[in-house]
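*Asks:* Place chain B on chain A using the hints.
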Amino acid sequence: MKRSKSLTWLLWLIPLVFLLFFFYQPLLAIFRQVFSERFNQGWQFFSWDQISRPLIFTLWQAFLSTLLTLLIGLPAAYLFARFEFKGRKALHTLSLLPFILPTVVVATAFNTLIGPRGWLNLILMYLFNLSNPPLNLLNSLPAILLAHVFYNTSIVIRMVGNSLTRLNPHYDEAARVLNAKPWQAFREVSLPLLMPTILGASLLVFLFDFTSFGVVLMLGGPQYATLEVEIYTQAMSRFNLPMAGLLSVIQLMVTLLITLAQNRVKKPRFGKAALSSEQKTRQRALNARQKTFVILMCLLLVVLFISPILSLVSRSLVTFEAARGQRGEFETGFTTRYYSELFSNRSGSIFYANPLAAIRNSLVYSVMTMLIATSLGFLTAYALSKSSRLTRWLEPLFMLPLGASAVILGLGFLLTFNQPPWTSGPFPILIPIAHSLIALPFVVRTNLPAIQGIPNSLREAARVMGAKPWKVIREIDLPILLRAVIVSLTFSFTISLGEFGASSFLANARTPTIPVTIFRYISQPGALNYGQALAMSTLLLLTSAAGSLLIEKIRLPGEELF
Amino acid sequence: MLRVEDIYKDYDGKPLLKGITFEVREGELVCLLGSSGSGKSTMLRIIAGLEEPKSGRVFWNGEDYTHKPTHERGFGLMFQDYALFPHRSVAENIAFGLRMAGRSKLEINSLVENALVSIRMQDFPKRPVTELSGGEQQRVALARALAPDPHLLMLDEPLGALDHNLRTELLKELRKRLHDSQKPVIYVTHDQEEAFSLADRLLLLHAGLLVQEGAPEAVFNQPTNAWVASFLGLGNLVPAKLVAINLLQTDLGQFKLRASPDLEIGSDCMLLLRPEGALFDVGAISSSDYLHAVVRDSVFMGDYFRLDVLVGKTLLHVHTPQSFTIGKTIPLAWSESNLQCLPL
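From first to last, the protein sequence lines are chains A and B. First residue of the first sequence: 1, per the working numbering; consecutive thereafter. First residue of the second sequence: 1001, per the working numbering; consecutive thereafter.
Here chain B stands alone, though its shape is the one from the complex:
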């Protein structure tokens, strides 16, 4: 379906995208994940034809779309600020794309009616969009983007402008609507929770490059580098050096684990210690392998406690089933399967 190939783009004279290649397959929901300013939105705008890449191409079903005008592409794009036309009513906003596509009045009326029902706004089609709440605006914007039945739907931080509670509620709704539509979707966000709960496949964008691509659980289990682990909040990252085959030296001491064969001995890397993989049962490991950790804080999180512990000068956070007294020194260890050595 969609294929973008080796896209380069400069912004204010600085390179923003440095050779991006990926595909979106039929009915697939792809999340483009990255921090703000990473060029995610620009990538969408290039696919939509609102901006031209410096080099590289955009293909749709094998046809080169790189220089095709926006209005001829038949893609849908929902803006982060929704961009609902303030001089038009709710119904007129939804009808806009159909009207521009030259559909008949009758057809437009029935399609708009259906769209209004699907967002439960059939009772006030004439309302000015300037009087809608944030959540209502979001629903209208989605209905407007979907109305002309686009081949591909792109959403730019669709929940970015909303407060926390509304986000959680709308995320569920959005998930259902996007899956029901069975359209290929590119969903841009900086929020990993959103991405994990929605995506069939994740694309992580950092410093102008796609640093990792894969299903959510694969990315979660096997982050390719330290940035991915840190961005996704996978756990504690401690600077480390590979001193021998499968041996890491850190401020916390030495750790044995299987390092990637690409990593040369003597090179710097990051050790990932997942908080949910911490062991407190000293009997399970030999006494020389555990760390002495001083409990600094213990926070009740519902189904676990979150501990902040100090090991030497390094602050780590770990999850435990039970609480510990603050100030107490406890033994702490990780099994090899919960340790990862990541390149910088």
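For reference, chain A alone in the conformation it holds in the complex:
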């Protein structure tokens, strides 16, 4: 008994020390930076305008994005929950894909669609024989909103769709039998019952839109800076660390408020009964109105989800360059040059990003992240599953990193670890550690229900039959948990491979990652740079898609990642 208790303590201790050192220390460093600056200079180092402008814009774009996401997501959730149609399953899987795509891939994909070198402009130039791209959709608010809708519609589809599927159809029918017109039945019965889920999904979407970084940085341009982008700019371009710190503190506070609101909303007000139906809710579209809805909605979703992805992949295989000397003339054709260039090792200026090195680095970081995040996350989940007063106090401590953005983590690391031995070592360990912190909450959330799902009687039975504690774990727990562990490994690998926010702070010219390299390529002129950014994005897209398919395949039913 005594030994098992001390063992539990040890389980706690490893992830706790890791978090204190690598998460709370950097966080503290940001606060210290801000308040020591204030102590030395007063609030002289910034003007209110510098804060209010990005803050208001961040809230505004997040509000608009959430609204648009709901506008498409709610009917889409209804489509998947209520209708049976050909290709439903494929479309559903497709609709979940965007959520796991790295931000740089999404940004690049939209660049190939609506950017100056994207398909839309190319087609217009070809049709009207123009020499310059006629549309400038990049660096605009609509571009940001579009990417956010693309990203987060899947959250609404998944969360609201789940509730809709489990909402007992008899409620709506009972209302209609009791003289309610269809819209009255919806307003009086279905909507109030779904409201907690809709609010929960909206707040989550808002949170993601609020902390969005890569998409805004790459599609919004300099005049549309959110807090995240402003933190990055202040820290990395202006070297105004106190300002970056102050923005981070504000960002953290807003994030905390949203999370608190989420917890309030999540509490079920009327039992679980309302959302636990196992009735079959899907049927084929019956009348013309339903058929039109299904067809239009499918079309919209296919265009929304497929066009950026298709555009990215196709554009990475097509050359489209101004022919030398002749105005308005273009060389066009199929090419695999962008891909082969990735693997030819050329050295150039110090700004030259070596793609081969980036791929190698990213793979190494991802494998390390996979191991660190899964082992720490598993330990944490195991400790959390042993419910006690202690766990209740410590749980928020472990879940907080979910609310902190990657950019803030990057800034904290910069402030804390920008010194030997962290910078002088032979290997940049900081990047996989930052990635592990980002993946950790997801890993805990994947493993915790799996661990809690094992009935204690199984362990007791094994113990009665003479199994030593470690044997109980090996014989009972591990085989059951293997699925959750594989999901965690895949998930943390994929997160690390596509992570951009923290990497943009921590990866220097010596240690680029794939997303950082894509960002550098696409910010530079030249068809080859552009093409290589697309080629790398496509490779990253394929890896992420494979990862998410694997997760979908082995994920236990009932586990939710958010």
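Hints may be right or wrong, so weigh each one.
Some chain B residues judged to face chain A by a derived CB distance under 7 Å, without partners named [what the hints assert, rightly or not]:
1) L1050
2) F1079
3) N1221
The hints are simulated quantities; they were obtained by calculation from the structure and are not laboratory data. C-beta: ideal position from N, C-alpha, C; glycine also.
*Replies:* Quick look at chain B alone, frame taken from chain A:
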């Protein structure tokens, strides 16, 4: 009043209802009886307008209601799971239909008050429905269905979700309330006891067809086929063959009885031996006509004993006023009036 005509309905590509026609008259309580999956609930949903039939029509007082929206029909339907709105209180649930019908606040308040009194829940109108017991939920659901004064009330297995003791208690109450309401009622159930004790008329649904229709005692006395007899648990069914006019051949031997004139000689049928019609007094019949039965089990049932007896290889159950020793061989016979030959 209500008339459904030649209703066809498919479910998952398979035919579920294959031409159902019946009527419900004023103030009549009709029980739609059938095993689960027989399409009883679907029939109710078609009448309520929640589903459309593949073909066929629904008439109310001569008016074609087949494509009329649910909320314009003015019918009441009580769901098997009650479907009480979990975000509304007891009183709000009862008031819902009145509110949707656009009644005035004053009217709603007094009607809800009356409804609450009738189900003895006037002291807690504000209680959340999620905190009610099964029986209370059932009462609220019925009160909610009756509140807007529907032209026709439909109940889908209203006692299905309750345990045995509560069922017996609520069945009595339900019977009184339904008869008091004087409304036409369609009551769907798979429980023949419920149906027999409530119905003015029974409709038996099997394999998508109405196999029998009639007053409870008529159905009980004259089941039209073997399925009805087996479903209602009317007695022992033994495979038989009609070998000559009014002569049946079975594993138990030959039986003389009046068979239906529709049945051709040489065709297979089922012999129904009612357990309460068994005779043990050998003196009453000639010795060649009785069966030799070995008593396998004897169970005290209150006002009779239930015997399991083996005749040859066939196990029969019969009711007797007195007990018999297990293992004993006894004579057993049926008078012709307690034997029936039923088509398959």
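*Asks:* A separate judgement is required for each hint: does it hold in the structure or not?
*Replies:* Cross-check of the supplied hints:
For B/L1050, the shortest C-beta to C-beta distance to chain A is roughly 5 Å, which falls under 7 Å, so the interface hint holds. Residue-level restraint check for B/F1079 holds (minimum Cβ-Cβ distance to chain A is 5 Å; threshold 7 Å). Annotation: B/N1221 was flagged as interfacial toward chain A, and the flag is violated, the nearest CB pair being 37 Å apart, outside 7 Å.
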